[in-house]
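Protein chains: 2
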Amino acid sequence: MEVIDGEEISSRVREEVTDDVARMDRTPKLVAVLMSDDPASETYVRMKREAAEEVGIDSKTVHIEPDAPEDELLSTVAELNDDETVDGILVQLPLPDHVSKERAIEAVAPEKDVDGFHPFNKGLLLEGRPRFVPATPKGVVRMLHEHGVDLEGEHVVVVGRSDIVGKPLAALLFSRDVNATATVCHSRTEDLEQHTRAADIVVAAVGVPEFVTADMVSEGVVVVDVGINRVDDELVGDVAYDEVAEKASAITPVPGGVGPMTVASLLENTVESARLRDVSQDSSS
Amino acid sequence: MEVIDGEEISSRVREEVTDDVARMDRTPKLVAVLMSDDPASETYVRMKREAAEEVGIDSKTVHIEPDAPEDELLSTVAELNDDETVDGILVQLPLPDHVSKERAIEAVAPEKDVDGFHPFNKGLLLEGRPRFVPATPKGVVRMLHEHGVDLEGEHVVVVGRSDIVGKPLAALLFSRDVNATATVCHSRTEDLEQHTRAADIVVAAVGVPEFVTADMVSEGVVVVDVGINRVDDELVGDVAYDEVAEKASAITPVPGGVGPMTVASLLENTVESARLRDVSQDSSS
Numbered sequence: 004m005e006v007i008d009g010e011e012i013s014s015r016v017r018e019e020v021t022d023d024v025a026r027m028d029r030t031p032k033l034v035a036v037l038m039s040d041d042p043a044s045e046t047y048v049r050m051k052r053e054a055a056e057e058v059g060i061d062s063k064t065v066h067i068e069p070d071a072p073e074d075e076l077l078s079t080v081a082e083l084n085d086d087e088t089v090d091g092i093l094v095q096l097p098l099p100d101h102v103s104k105e106r107a108i109e110a111v112a113p114e115k116d117v118d119g120f121h122p123f124n125k126g127l128l129l130e131g132r133p134r135f136v137p138a139t140p141k142g143v144v145r146m147l148h149e150h151g152v153d154l155e156g157e158h159v160v161v162v163g164r165s166d167i168v169g170k171p172l173a174a175l176l177f178s179r180d181v182n183a184t185a186t187v188c189h190s191r192t193e194d195l196e197q198h199t200r201a202a203d204i205v206v207a208a209v210g211v212p213e214f215v216t217a218d219m220v221s222e223g224v225v226v227v228d229v230g231i232n233r234v235d236d237e238l239v240g241d242v243a244y245d246e247v248a249e250k251a252s253a254i255t256p257v258p259g260g261v262g263p264m265t266v267a268s269l270l271e272n273t274v275e276s277a278r279l280r281d282v283s284q285d286s287s288s
Numbered sequence: 004m005e006v007i008d009g010e011e012i013s014s015r016v017r018e019e020v021t022d023d024v025a026r027m028d029r030t031p032k033l034v035a036v037l038m039s040d041d042p043a044s045e046t047y048v049r050m051k052r053e054a055a056e057e058v059g060i061d062s063k064t065v066h067i068e069p070d071a072p073e074d075e076l077l078s079t080v081a082e083l084n085d086d087e088t089v090d091g092i093l094v095q096l097p098l099p100d101h102v103s104k105e106r107a108i109e110a111v112a113p114e115k116d117v118d119g120f121h122p123f124n125k126g127l128l129l130e131g132r133p134r135f136v137p138a139t140p141k142g143v144v145r146m147l148h149e150h151g152v153d154l155e156g157e158h159v160v161v162v163g164r165s166d167i168v169g170k171p172l173a174a175l176l177f178s179r180d181v182n183a184t185a186t187v188c189h190s191r192t193e194d195l196e197q198h199t200r201a202a203d204i205v206v207a208a209v210g211v212p213e214f215v216t217a218d219m220v221s222e223g224v225v226v227v228d229v230g231i232n233r234v235d236d237e238l239v240g241d242v243a244y245d246e247v248a249e250k251a252s253a254i255t256p257v258p259g260g261v262g263p264m265t266v267a268s269l270l271e272n273t274v275e276s277a278r279l280r281d282v283s284q285d286s287s288s
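Protein sequence lines correspond, in order, to chains V and E. The working numbering numbers the first residue of the first sequence as 4 and each following residue consecutively. The working numbering numbers the first residue of the second sequence as 4 and each following residue consecutively.
Simulated from the structure, these hints should not be mistaken for lab results. One or more of the hints may lead you astray.
Covered stretches of chain V, as calculated for chain E (at least 3 residues, CB under 8 Å) [claimed, not checked]:
| hint | region |
| --- | --- |
| 1 | 42-52 |
| 2 | 115-127 |
| 3 | 165-172 |
| 4 | 180-188 |
Here are the computed distance ranges between Cβ atoms for each label pair [to be verified]:
| hint | chain 1 | residue 1 | chain 2 | residue 2 | range |
| --- | --- | --- | --- | --- | --- |
| 5 | E | Gly223 | V | Glu19 | 16 to 26 Å |
| 6 | V | Glu196 | E | Thr30 | 52 to 62 Å |
| 7 | V | Ala43 | E | Val65 | 52 to 62 Å |
| 8 | V | Gln284 | E | Gly223 | 53 to 63 Å |
| 9 | V | Arg233 | E | Glu75 | 38 to 48 Å |
| 10 | E | Gly223 | V | Asp218 | 18 to 28 Å |
| 11 | E | Asp194 | V | Arg233 | 38 to 48 Å |
All C-beta atoms in this analysis are idealised placements derived from N, C-alpha and C, irrespective of residue type, glycine included.
Just need the whole structure built from these sequences, with the hints factored in.
Take a look at the structure:
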């Protein structure tokens, strides 16, 4: 059994991004909009900002009071859309209850939506011609690729259908860029273990600690664990790691698996955004 | 074995649409833009127009010379976007080689894109909150539902990943509205027959005559045939009908299966567009 080391692979990706940024004639810029006092959200935003700065991406966080009206968030996003120096805009989720997540995400200009959450970008992804692949699905495919797993023709079973992982990952998997055979399972799936046992690769993204157990997978399976659950002050994935690792040919750990890949993929998207924006400005001038 | 009668089911849907239109205080309007001399395209456009008129939808076709510049198509679409009397706009595919299909589709205002082909609408579909479900996937799910097939929890294997059938159908199937477990297979899938044999329901949408054979499916399977192939002046589906019908519990014929459902679904989308546009005008006034 091999452990797929997200720390090691993501540090290689970040080095590539560092080189890419160094070769550009300007510094890409990523702005996070944080409308929350939640310590977890603050931590996520800080981690992304630090990771951006480490690779040479200019980064800043705009704070909006959680009790401010929705319009304040929307007008802040509109200003960032118009700001030529900004390449990527992240609206940190979750948002307060009185703010529409959909309106907030749709307010971001699709060409600056480095999260890949805007419906227009989701549509491009479904069509197999993505502009920005959401960071976690992108990180999952990249880490498998870097570990030497050839996804073409393989049967990947995705457990979970969230808007930021399961659904976009499925679209990425069955695209011509990846060519995997993809199955999406979820809470209403009958005989779930029949599906996961038939898989070459299982991706667990349900948000339930140790949901995938050894009896649910076949000998030699590759397992990717997207879950990050806090249990008794410890981080636990969606996979019962010890028992599943005994049957798997390769598995991602939690922490140190998909998590760091997600941040690295976001940095890649930001550099890609800067490039695409430069090209479109060149061609329009 | 039961034959799932698309003619009969679609005529019920069209009756519903007729009643819906009769109850509206204005007549919905559908406009097709045809930039082709291809007799098949002309036939499709005429069929849609006739079906629209039959249910009381106002319908018209705008012809553009196949050798006209792309801009002429784009400005025609822009005029239709601005025309308050128009609820639905169809750009008939295929387009001439010198015209970008992507630009043409993206030119249609998403709120008039009753084909559901605009990336924004595809993204909403992937997120499980569709505005317009593309007509063929919508028709497939409707005809199964009307035939009494409960898709919730069932394993549906979609063979084919086209932009207008396979991909949007997968997104519709794994949405919370349908709750099926969906697998997307395609030309690069290994052991295709292993996947199709594991399915409760097989949807064939590959565009290859009689591609799905009896040895590829299990006893009692439900089979939906999306293919319409012309072989020796006869219409043949993607399923070897006679032999597969012997194993299936239910199967759609070609012709008379998915085809008529597709047209009926387009009419539903047009009425839905008229309703949504009336609501958004009421709320903005």
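Hint check results:
Only residues whose C-beta sits within less than 8 Å of a C-beta in chain E count toward coverage, and the region 42-52 of chain V has 0 of them, not enough to reach three; the restraint is violated. Figure legend: the region 115-127 of chain V, annotated as covered by chain E; annotation consistent (7 residues with Cβ-Cβ distances under 8 Å, at least 3 required). For a cut-off of 8 Å, the count of residues in the region 165-172 of chain V with a CB near a CB of chain E stands at 3, and the three-residue condition holds. Counting residues of the region 180-188 of chain V whose CB lies closer than 8 Å to any CB of chain E gives 6, so the stated coverage by that chain holds, three being the minimum.
The hinted window of 16 to 26 Å between Gly223(E) and Glu19(V) is violated, with their beta carbons roughly 51 Å apart. Separated by about 53 Å at the C-beta atoms, Glu196(V) and Thr30(E) satisfy the suggested range of 52 to 62 Å. About 54 Å separates the C-beta atoms of Ala43(V) and Val65(E), a value consistent with the hinted range of 52 to 62 Å. Distance hint check for Gln284(V) and Gly223(E): the Cβ-Cβ separation is about 59 Å, which falls inside the suggested range of 53 to 63 Å.
Between Arg233(V) and Glu75(E) the beta carbons are some 59 Å apart, a value that contradicts the proposed interval 38 to 48 Å. For Gly223(E) and Asp218(V), the hinted distance range of 18 to 28 Å is satisfied, since their beta carbons lie about 27 Å from each other. Separation of Asp194(E) from Arg233(V) is about 40 Å and conforms to the stated range, judged on CB atoms against 38 to 48 Å.
Comparing the model with each numbered hint stated earlier shows that hints 1, 5, 9 do not hold.
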